[in-house]
Amino acid sequence: MITGIDTLLTDVKTNVDAINNLPTEAEKPVIDKMRRQDHALWVQLYGAADRATLHDLAEQLKTDLLSQSAIHDLEIKAQAEPMISIEIDEETLQSYGLTLDSIASIINAESAASITTSLYNDDKTVRLKVSEQAYEIQDFNAIPVITTSDGSQITLGDIALVRDDFADDTFVLSRYNQANASAIEIVMDENGDIVNLVEQAKQVVERWQNSNILPAGVHIATWNDKSSMITERLALLVKNALSGIALVFIILALFLNLQVAFWVAAGLPFVFFGTLFFMTKQFTGLTINEMTTFGFIMALGIVVDDAVVIGESVYSTRKNKGDSIENTILGTMKVATPTVFGVLTTVVAFLALSNVEGRMGEVYAQFGTVVTIALLLSLVESKLILPSHLAHINTHKPRSKNWFSRLQYAADAGLQWFSRVIYQQVIAWALRFRYAVVMVFVAVFLLVAGMPLTGSVRIAFFPDIPGDSVNADMTMQNDASFGQTHKNLLALEAAAKQVDAQLLAQYRQTTHDNNDNNDQHESEIVSLQVIASSSASGKVQVELSSDSVYSLKAFSQQWGLAVGQMEGVKKLKILSKRDMMDNFKVELKALDNTTVSAAGNQLLANLQTIVGVSGIDHNLDLGEPQYRFELTEQGRALGFDTGMLSAQVLQSFGGGIVQRFQRGKDEIKVRVRYPESARQTLADIQRANVRTAAGIVVPLSHVAKVSSDYQPSEISRIDNQRAVYISAVLDKDIIASNELVSQMQQTLVPQLLAQYPGLTLEFAGEAEQQAETTSSMETMFVLALIAIYALLAIPLKSYGQPLIIMVAIPFGIVGAILGHWWNDLTISILSLNGILALSGVVVNDSLLLVSRFNELINDEGMSVHDAIVEACTGRLRAVLLTSVTTFAGLAPLLGETSLQAQFLIPAAAALGYGILFATVITLVLTPSLILIQCEFNAFIAKILSWFRVNKQQTPA
24 MITGIDTLLT DVKTNVDAIN NLPTEAEKPV IDKMRRQDHA LWVQLYGAAD
74 RATLHDLAEQ LKTDLLSQSA IHDLEIKAQA EPMISIEIDE ETLQSYGLTL
124 DSIASIINAE SAASITTSLY NDDKTVRLKV SEQAYEIQDF NAIPVITTSD
174 GSQITLGDIA LVRDDFADDT FVLSRYNQAN ASAIEIVMDE NGDIVNLVEQ
224 AKQVVERWQN SNILPAGVHI ATWNDKSSMI TERLALLVKN ALSGIALVFI
274 ILALFLNLQV AFWVAAGLPF VFFGTLFFMT KQFTGLTINE MTTFGFIMAL
324 GIVVDDAVVI GESVYSTRKN KGDSIENTIL GTMKVATPTV FGVLTTVVAF
374 LALSNVEGRM GEVYAQFGTV VTIALLLSLV ESKLILPSHL AHINTHKPRS
424 KNWFSRLQYA ADAGLQWFSR VIYQQVIAWA LRFRYAVVMV FVAVFLLVAG
474 MPLTGSVRIA FFPDIPGDSV NADMTMQNDA SFGQTHKNLL ALEAAAKQVD
524 AQLLAQYRQT THDNNDNNDQ HESEIVSLQV IASSSASGKV QVELSSDSVY
574 SLKAFSQQWG LAVGQMEGVK KLKILSKRDM MDNFKVELKA LDNTTVSAAG
624 NQLLANLQTI VGVSGIDHNL DLGEPQYRFE LTEQGRALGF DTGMLSAQVL
674 QSFGGGIVQR FQRGKDEIKV RVRYPESARQ TLADIQRANV RTAAGIVVPL
724 SHVAKVSSDY QPSEISRIDN QRAVYISAVL DKDIIASNEL VSQMQQTLVP
774 QLLAQYPGLT LEFAGEAEQQ AETTSSMETM FVLALIAIYA LLAIPLKSYG
824 QPLIIMVAIP FGIVGAILGH WWNDLTISIL SLNGILALSG VVVNDSLLLV
874 SRFNELINDE GMSVHDAIVE ACTGRLRAVL LTSVTTFAGL APLLGETSLQ
924 AQFLIPAAAA LGYGILFATV ITLVLTPSLI LIQCEFNAFI AKILSWFRVN
974 KQQTPA
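The number in the working numbering is simply the position in the sequence shown, starting from 1, with 23 added.
Note that these hints are calculated values from the structure, not bench results.
Idealized CB from N, CA, C, for every residue including glycine.
It is possible that some hints are incorrect.
No farther apart than 30 Å at their CA atoms in a straight line, the calculated lysine-lysine pairs in the BS3-like style are these [unchecked claim]:
1) Lys576 with Lys100
2) Lys820 with Lys594
3) Lys593 with Lys85
4) Lys510 with Lys520
5) Lys85 with Lys225
6) Lys56 with Lys100
7) Lys262 with Lys342
8) Lys692 with Lys85
9) Lys593 with Lys576
10) Lys262 with Lys85
11) Lys357 with Lys820
12) Lys510 with Lys225
13) Lys249 with Lys600
14) Lys688 with Lys100
15) Lys520 with Lys406
16) Lys357 with Lys304
17) Lys510 with Lys594
18) Lys692 with Lys262
Derived DEER-like restraints, expressed as beta-carbon distance ranges [said to hold, decoys possible]:
19) Thr33 with Glu159: 57 to 63 Å
20) Pro167 with Ile28: 53 to 59 Å
21) Val720 with Gly666: 36 to 42 Å
22) Asp707 with Glu222: 53 to 59 Å
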């Protein structure tokens, strides 16, 4: 199937291939579509070895790794390219009457690739081959350059320095745990199995460790294993599943029956294994990843709800009317309609979540899909499978005198006492003062809803999720040297070790652990990697032990303080959190560069004064320093043109590529140029010579004027306008992205737009994602509410009662906000997902209560007041059990301190606390609203009746 990206790729290739005026030295453009790749594992070769040894070992290891079935792509980071460098100074060239061009021609003439043909006759075929390709230093040294009059030869090795070395990427730096290293990053595509991939990679590493491949002093290690994120999340799922099931089982066993508790809990494996089945390629094609495991964990507290209601109804019916199959069916049918539609309202909420637009919406769609599948399967299990198991339980066993039976009796008696003594009085009071009750709850809603506005509960689009390592990304000023870059990277490396020692010393001082013989906490740093693949940037990454005595955040803060302001650094971003998107980013556009640069510099200056802002990055630099050559009149008089001048300057200082050949797995480039000592400074350029077409040597300074200026390192254009970007890292404990954007929109942005006509300013990063995702989520929320209303109206056969039930939704949000306040959490997109899901869950208990009220009114002819009291007390146990079991299923997660749990806790808090608070609404506010609605209906009926009577009495 041809996709949009495939069509675009074909169009771009066609247009690029049509370009026929590219420089002759340019290599053929390579065009390909971007494929999503995620980091899986680092494999490090490190130790006391030179670059060439590590390079050869890395290439060998690369071959072994790629031979594994699950490993398809990897990259050797900061790897220098092998090269044959032939260096000869100008004095030597002149003494022999040679030029760099003539040396290049001689090499090409004497070192030629294989040329083959064949000689045929009637009897046989003979292959003819001419090949004198030089491969090693000695081969190039032996190339004859000049033959003297006496027949002796002057070889290339006699007049030039031939080095079998690496390309001029001396800026390349690769270190691991303070030793020279070669780093291999294994990546995974979107269809890969990261657990299998990492397992195969580690098997290769183990094989290397147990063989004699590695020379003495060289070691191999793996680190930053991303498969552990999945395995730990699965372990968290299993742990919370077992804890949640245990809590649900205990609660049901206490208030119902051991057998009921067992069969309700036993339905969870069916639901989860069934969900896994429908995640296969034949159905949804989902994988086990962060978001799908998140969905399983969230489903733990939800999918048992309808099973609990069915179990409670069957248990009560069989206990009151006898243990028969008919009563099992009766108990199931009593609550079948409200539980079916209750599940459907929850499904609608999660389907809405699955259709949120934007990058974040695509991610959370997987979460919503998993929960939706689990809910539908729970519907099947609770309506068809669970009743068949409950048909065989005995609710009339003689009361045992063991401790658990006594505990069950006490729990049942306590619940009955609460219902009879406490709750009935609360209901009576609430019905009597129903309007006051409504006003109290409205006041609570307004007070709590205002907490985010007053700062009592912080709001951020995406919270700071702790990462599994600390990363220091450094970018140098454009005129900085690779030496300064390396110096700063090594300073970062040393500072990391220093901070580690300081934090450990503080820990020992705090815990009085001064036993020098105990090396358990000698260092918490297990991996320390330094990578520089360019002359102006680099990265230092630190991985701490899993049981580190100090946190990643503490380390990153101290690390930033320890390094301070380093010379030549444009940007230093030290993060201990997941860097999923720019915390803050703004794009400025204008038709001319002057306008956009001036506005950008003004905004940059303002941003630098704001507390909580760090790691500022931008493209406002002057650019890279350069020397510009311009032909003089004398140069033109000597026959030089721009092309001739540039070719000689390029070959002398950059080194012309004479030839390329394959040696093993490497493509080797052969360069001819001046020695390194003669191509470093402006003085070297001024002393250089060039040759006229007639071969006359003249100083470069005579034919060209040299001036210095800056060349833009990048030219950014968006919508045919010059563009500037500024991004920054925010400390969200001080200022969140939405707060900073709001602050700028009120003050700085209007000022810039007025000062610079034609300027366009747009916020990107989190602000852009927030606008896109929040807008879509609001739309989905409204659609979900409409669908929930429709689903409630069907079983209730009423247009008014669904509104009463849906009152629980905003009050569920109140509970979610209070839960964030209680747990000191920031309301974020993660919380909003829980709140959106909450909208479908909180109506279930109210639906149970209102359905029972309708039955009592319509089938048993009770008065409104008595029907409300009976419905509330009769459904009290079911409502409490569903709410408590839902919260119990999520409670283990809320208490988690592990790294993996931090990603899940906001949504769990929103759902868990929202349901608890909504339970109070169901049991207190909903009855009051039912009575108010009945009074309103009666009032409307009286008015309509009065109009009908008057109409009949009016004479015609």
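Now the hints, each set against the structure:
1. Between Lys576 and Lys100 the alpha-carbon distance is near 27 Å, which keeps this suggested pair within the 30 Å criterion.
2. For the given pair, Lys820 sits about 64 Å from Lys594 by alpha-carbon distance, which is inconsistent with the 30 Å threshold.
3. With a CA separation close to 34 Å, the supplied pair Lys593 and Lys85 exceeds the 30 Å bound.
4. With a C-alpha separation of about 16 Å, the suggested pair Lys510 and Lys520 falls inside the 30 Å cut-off, and the hint holds.
5. Note on Lys85 and Lys225: the hinted pairing holds, with a Cα-Cα distance of about 13 Å set against a maximum of 30 Å.
6. For the given pair, Lys56 sits about 22 Å from Lys100 by alpha-carbon distance, which is consistent with the 30 Å threshold.
7. Between Lys262 and Lys342 the alpha-carbon distance is near 35 Å, which puts this suggested pair outside the 30 Å criterion.
8. The straight-line distance between the Cα atoms of Lys692 and Lys85 is roughly 22 Å, inside the 30 Å bound, and the hint therefore holds.
9. Taking the CA atoms of Lys593 and Lys576, the gap is about 23 Å. The hint holds against a cut of 30 Å.
10. For the suggested pair Lys262 and Lys85, the alpha carbons sit about 37 Å apart, so the restraint of at most 30 Å is broken.
11. The hinted pair formed by Lys357 and Lys820 meets the criterion: a straight-line CA distance of about 17 Å does not exceed 30 Å.
12. With a C-alpha separation of about 33 Å, the suggested pair Lys510 and Lys225 falls outside the 30 Å cut-off, and the hint is violated.
13. In summary, the hint linking Lys249 to Lys600 is supported, as the alpha carbons are separated by about 15 Å, within the 30 Å threshold.
14. For the proposed pair Lys688 and Lys100, the alpha carbon gap of about 17 Å is at most 30 Å, so the pair holds.
15. The straight-line distance between the Cα atoms of Lys520 and Lys406 is roughly 61 Å, outside the 30 Å bound, and the hint therefore fails.
16. The straight-line distance between the Cα atoms of Lys357 and Lys304 is roughly 38 Å, outside the 30 Å bound, and the hint therefore fails.
17. For the proposed pair Lys510 and Lys594, the alpha carbon gap of about 15 Å is at most 30 Å, so the pair holds.
18. A C-alpha spacing of about 57 Å is found between Lys692 and Lys262, which places the hinted pair above 30 Å, so the restraint is violated.
19. At about 44 Å, the beta-carbon gap between Thr33 and Glu159 misses the expected band of 57 to 63 Å.
20. Checked against the given bound of 53 to 59 Å, the beta carbons of Pro167 and Ile28, roughly 54 Å apart, stay inside it.
21. For Val720 paired with Gly666, a C-beta distance near 19 Å fails the hint of 36 to 42 Å.
22. Between Asp707 and Glu222 the Cβ separation comes to about 54 Å, which falls inside the hinted range of 53 to 59 Å.
Taken one by one, the earlier hints fail for this structure at numbers 2, 3, 7, 10, 12, 15, 16, 18, 19 and 21, listed in ascending order.
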